[in-house]
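Participant: Top to bottom, those sequences are chains E and Z.
So in the numbering used here, the last spot in the first sequence is 53, and the numbers never skip.
So in the numbering used here, the last spot in the second sequence is 1402, and the numbers never skip.
Certain hints may be false.
[To be verified] Partial selection, computed: residues in chain E whose CB lies under 10 Å from chain Z: (1) Ala8; (2) Tyr11; (3) Ile12.
[What the hints assert, rightly or not] Below, simulated DSS-like cross-link-like pairs (lysine-lysine); rule was C-alpha separation at most 30 Å, straight line: (4) E:Lys51 with Z:Lys1367; (5) Z:Lys1340 with Z:Lys1367; (6) Z:Lys1115 with Z:Lys1086; (7) Z:Lys1316 with Z:Lys1086; (8) Z:Lys1316 with Z:Lys1017; (9) Z:Lys1139 with E:Lys46; (10) Z:Lys1017 with E:Lys46; (11) E:Lys3 with Z:Lys1091; (12) Z:Lys1316 with E:Lys46; (13) E:Lys51 with Z:Lys1017; (14) E:Lys3 with Z:Lys1316; (15) Z:Lys1367 with E:Lys46; (16) E:Lys51 with Z:Lys1340; (17) Z:Lys1278 with E:Lys3; (18) Z:Lys1139 with Z:Lys1382; (19) E:Lys51 with Z:Lys1077; (20) Z:Lys1115 with Z:Lys1143; (21) Z:Lys1115 with Z:Lys1096; (22) E:Lys51 with E:Lys3.
Think of the hints as simulated: they come from the structure by calculation, not from any bench.
Positions of the beta carbon are idealized from the N, C-alpha and C atoms, including for glycine.
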Amino acid sequence: MEKYECTACGYIYDPETGDPAGGIAPGTAFADLPDDWVCPQCGVGKEYFQKLS
Amino acid sequence: MRVIVLGNGLCGTIFAKTLRDINSEIEIDIFGQEQYLYYPRPNLIEFLAGHMPYDRLFAFSEAWYSDHNIRLHLAKKVEKIDPAAKTVEFKNRGVKEYDKLLLAHGAYAGVPPIKNVSISGVFTLRTLEDALNIQVYLKDRKKVAVIGGGLLGLEIARALNAGGAEVAVIEFFPRLLPRQLDARAATLLKQQIENMGIQGLLGKTTEEILGEGEATGLRFKDGGEIAAEMIVVAAGVRPYLDLAQAAGLETDRGVIVNAHLQTSHPDIYAAGDVSEHKGRVYGIIPASFQQAKNAAYNISGQLQEYEGTVPSNTLKVMGVHVTSLGLVNPEEEGYEEIFKLDEAQGCFKKVVLQNGALVGAIWMGTKEGINEINRLVAQNAKIGDHKTDILEDGFDFSQLKK
Ligand SMILES: Cc1cc2nc3c(=O)[nH]c(=O)nc-3n(C[C@H](O)[C@H](O)[C@H](O)COP(=O)(O)OP(=O)(O)OC[C@H]3O[C@@H](n4cnc5c(N)ncnc54)[C@H](O)[C@@H]3O)c2cc1C
Ligand SMILES: [Fe+2]
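This is chain Z alone, in the form it adopts within the complex (with noise of 0.2 Å):
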């Protein structure tokens, strides 16, 4: 049997490596339109940070590869694929059969519609020839601005300022993080990163970048600007669904796949960042890693079925424990909130209950008691008698236990 895998992300590199170990006969062939091996994408942060020399990014050296009797194609784009003639496509008319195809062929960063937005100076950050052209261009200049307040937007910003930049966060919301945090948790996390020394700004939608030939700053729309010699977008991922759609695939935000990971033509997967799974396009690696191993397995021949993966709840940003669970943020009457915000230690706990049932929780800067809560949350407890003292550290979560 002969399985090409599309893309050499973590999906298609782990969907091989798994391949591998059940198979020893298969033959595997990953194209990857990336000219470098395998490197995990959050260690791109780590080296603009400057923590991690270039040489540590990469996860398997080509030795591994031939070891693993795996076929690695680098900066080989697949142009087209033929479910009907079981092909893939590439530039010049190559051509390449296979019995199984892999879609592992991920997302990339997107850009929203900006007025001036693809003069020079301005980035997304998603492959390393991205972390590499903005290490080059922040060279001999300092002042950068990130659009995007959430995780990867504040991780950018982390890194640029470790690395000696002058970091602006911009964030359409009123809060950073706004999926995860509430206003004063938003309040406490934006007055840590400007300790920092990144400034937030937010609630600002960014309308026109400034500049002629060369990116000089930012207006947005309330009419205010900023100066920026570097912009960097963060503005959430798109999964490649150009081959999907022209190949005939069926596709949402992403192409659908069912429980094992099959798109819409028997022969064809997809999994990791490309895919949608009964709605979700997950976007993050524990789903990618689940699903390229569930999806070896189905292509193997030893049927396994996905079933969705559990993003974690807790996130460490900008070198902070954040823990979202639930609803944080009740947008209609009949919820009750209950907080403790303790500003010189940098940790504020709140609770949202409904009927006195738990229904909600954010803990941040701290790590106490989030087992605990992440269970309460996830069974409604109902912790009315405890529900002031139960954000008091040192809490004893036993006395819930019934």
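Pulled out of the complex, with its shape left as it was, chain E reads as follows (with noise of 0.2 Å):
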């Protein structure tokens, strides 16, 4: 599954990892993430992710 990073911050999501501590289970595709998703770093929106090349 591809990652995503934050370009306003530069965190990185891991679908491996996801975001547990934002109620995200291992496992989960960044399209699968809730709308109202945000940053964990930043607390920017979904909007400012973009897939890693």
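Hints are included, so try docking the two chains, each in its own frame, into the full complex.
Facilitator: Shown next as structure tokens:
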């Protein structure tokens, strides 16, 4: 599954680890994150994430 | 221990969160002059573009603060710091004591000395309040001029354009993103923004805002004028220095801190956009974030040194990827510049060499090979034999590994 990077702060969302503190189970694809999920580091919305090449 | 945090922007918020994760006992009070819960400022762009609803601007709920036992005081401006008494003061004589104080009160938008600039219809964009004011003012107006063709100015232009406004960007330099691009890349970017319907006016110094009572346009130094019902100034930010200076702390462009994020007073720390570390005022999220974390560890007693932040070399502006590395606009002789421009694809690549060694590069409109070119510029790699084909799509960088 693909990793996504926060363009504001550089945080990388890795589906393998998910975001347990934000209630996201390991194995959750970026596309399946809820719309109101925010970057665990800086708090920007999903719009600010882009696929890592 | 009682810790007071001045400012509820990214830095104050991340600091409090980190400190609470390290230590459950320390009392934490955040004072913020804005009336809103923490929101990341980049969200304001998507909000103005109409892509993000108001409710989603905020990163943490009120419940989050109480769950973390962080006391948040909104619309509460600190008016004075007394380092000897270890207090901060508010209007109406309110006083609060601290053991350690973090200055995380950030920066404000700078406005250059333009005639008539305080007239109504002239805005900056730094806070949610600014964004809401812009939104209201724009409701029954259409023509906008953005003064400043740097990153923030272009993002504001994109947002307002997406929201339906007719936008012109005014830049003092003869090219957009003057720090990141050269003339050719900037011309390509200008074509792309013009395709989106945004006008670019370059090499223009705004001398006066036209209008009486309400802005109606701009006049430039060269005598030219344009009509505009609203003007947004995006001409850089300035750290808030008044409080720190009045408290006798050492300041320059920002509040000066050492590697532990300590100011010239040992109980007062500073981090984020307000701070200056080794002569640098960063003004970007990754630096604020790192400084906030380091400051939290230091205040908790687990010493950590801040080593500086390397700003990302890749930006996404107007939906275009721009990677700008090292020296991109050599002004002296002795440099060789080789470029490849593909207007149809909106793609531009350039390398700058000095005696066959790679000292700078621009990669625009593509992300292919950016990690490799980044590494090669950092190493000042000798790429003499490949200086032309390195610009080709699909170039095999493994040839250069030695
Ligand atoms: C529209 C926009 C988009 C941006 N996009 C990006 C981006 O994509 N990437 C990036 O890296 N950076 C971006 N930035 C810059 C980024 O937002 C800042 O680096 C970041 O906000 C710094 O955080 P801070 O907490 O240090 O300061 P601030 O965010 O300025 O927060 C400081 C807070 O303290 C308050 N304060 C000031 N004085 C007092 C006082 N006396 N008493 C109480 N409170 C006070 C201020 O009102 C403010 O709320 C953007 C900025 C803007 C405006
Ligand atoms: Fe982030």
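Participant: Run every hint past the structure and note whether it holds.
Facilitator: Structure-based check of each hint:
The beta carbon of Ala8 of chain E comes within 5 Å of a beta carbon in chain Z, closer than 10 Å, and the hint placing it at the interface holds. Nearest Cβ of chain Z to the Cβ of Tyr11 of chain E: about 9 Å, under the 10 Å cut. The hint holds. A hinted interface residue such as Ile12 of chain E counts as satisfied when its beta carbon comes closer than 10 Å to some beta carbon of chain Z; here the least separation is about 13 Å, so the hint is violated. The straight-line distance between the Cα atoms of Lys51 of chain E and Lys1367 of chain Z is roughly 11 Å, inside the 30 Å bound, and the hint therefore holds.
A C-alpha spacing of about 15 Å is found between Lys1340 of chain Z and Lys1367 of chain Z, which places the hinted pair at or below 30 Å, so the restraint holds. Proximity of Lys1115 of chain Z to Lys1086 of chain Z is assessed by CA-CA distance (about 42 Å); at most 30 Å being required, the pair is judged violated. Taking the CA atoms of Lys1316 of chain Z and Lys1086 of chain Z, the gap is about 43 Å. The hint is violated against a cut of 30 Å. Taking the CA atoms of Lys1316 of chain Z and Lys1017 of chain Z, the gap is near 29 Å; set against the 30 Å cutoff, the hint holds.
Taking the CA atoms of Lys1139 of chain Z and Lys46 of chain E, the gap is near 27 Å; set against the 30 Å cutoff, the hint holds. A distance of roughly 21 Å separates the Cα atoms of Lys1017 of chain Z and Lys46 of chain E; the hinted pair therefore holds under the 30 Å criterion. Proposed proximity of Lys3 of chain E and Lys1091 of chain Z is contradicted: the alpha carbons are some 48 Å apart, above 30 Å. Of the supplied pair hints, the one linking Lys1316 of chain Z and Lys46 of chain E holds, its CA atoms being roughly 15 Å apart against a limit of 30 Å.
Taken as a hint, the Lys51 of chain E and Lys1017 of chain Z pair is honoured in the structure, with Cα atoms around 27 Å apart against an allowance of 30 Å. Restraint check: the Cα-Cα separation between Lys3 of chain E and Lys1316 of chain Z comes to about 18 Å, which is no more than 30 Å; the hinted pair holds. Taken as a hint, the Lys1367 of chain Z and Lys46 of chain E pair is honoured in the structure, with Cα atoms around 20 Å apart against an allowance of 30 Å. For the hint pairing Lys51 of chain E with Lys1340 of chain Z, the CA-to-CA distance comes to about 26 Å; that is within 30 Å, so the pair holds.
A C-alpha spacing of about 34 Å is found between Lys1278 of chain Z and Lys3 of chain E, which places the hinted pair above 30 Å, so the restraint is violated. Restraint check for Lys1139 of chain Z and Lys1382 of chain Z: not satisfied, since their Cα atoms lie roughly 56 Å apart, outside the 30 Å limit. Between Lys51 of chain E and Lys1077 of chain Z the alpha-carbon distance is near 40 Å, which puts this suggested pair outside the 30 Å criterion. With a C-alpha separation of about 20 Å, the suggested pairing of Lys1115 of chain Z with Lys1143 of chain Z holds against the 30 Å cut-off.
In summary, the hint linking Lys1115 of chain Z to Lys1096 of chain Z is not supported, as the alpha carbons are separated by about 41 Å, beyond the 30 Å threshold. For the hint pairing Lys51 of chain E with Lys3 of chain E, the CA-to-CA distance comes to about 6 Å; that is within 30 Å, so the pair holds.
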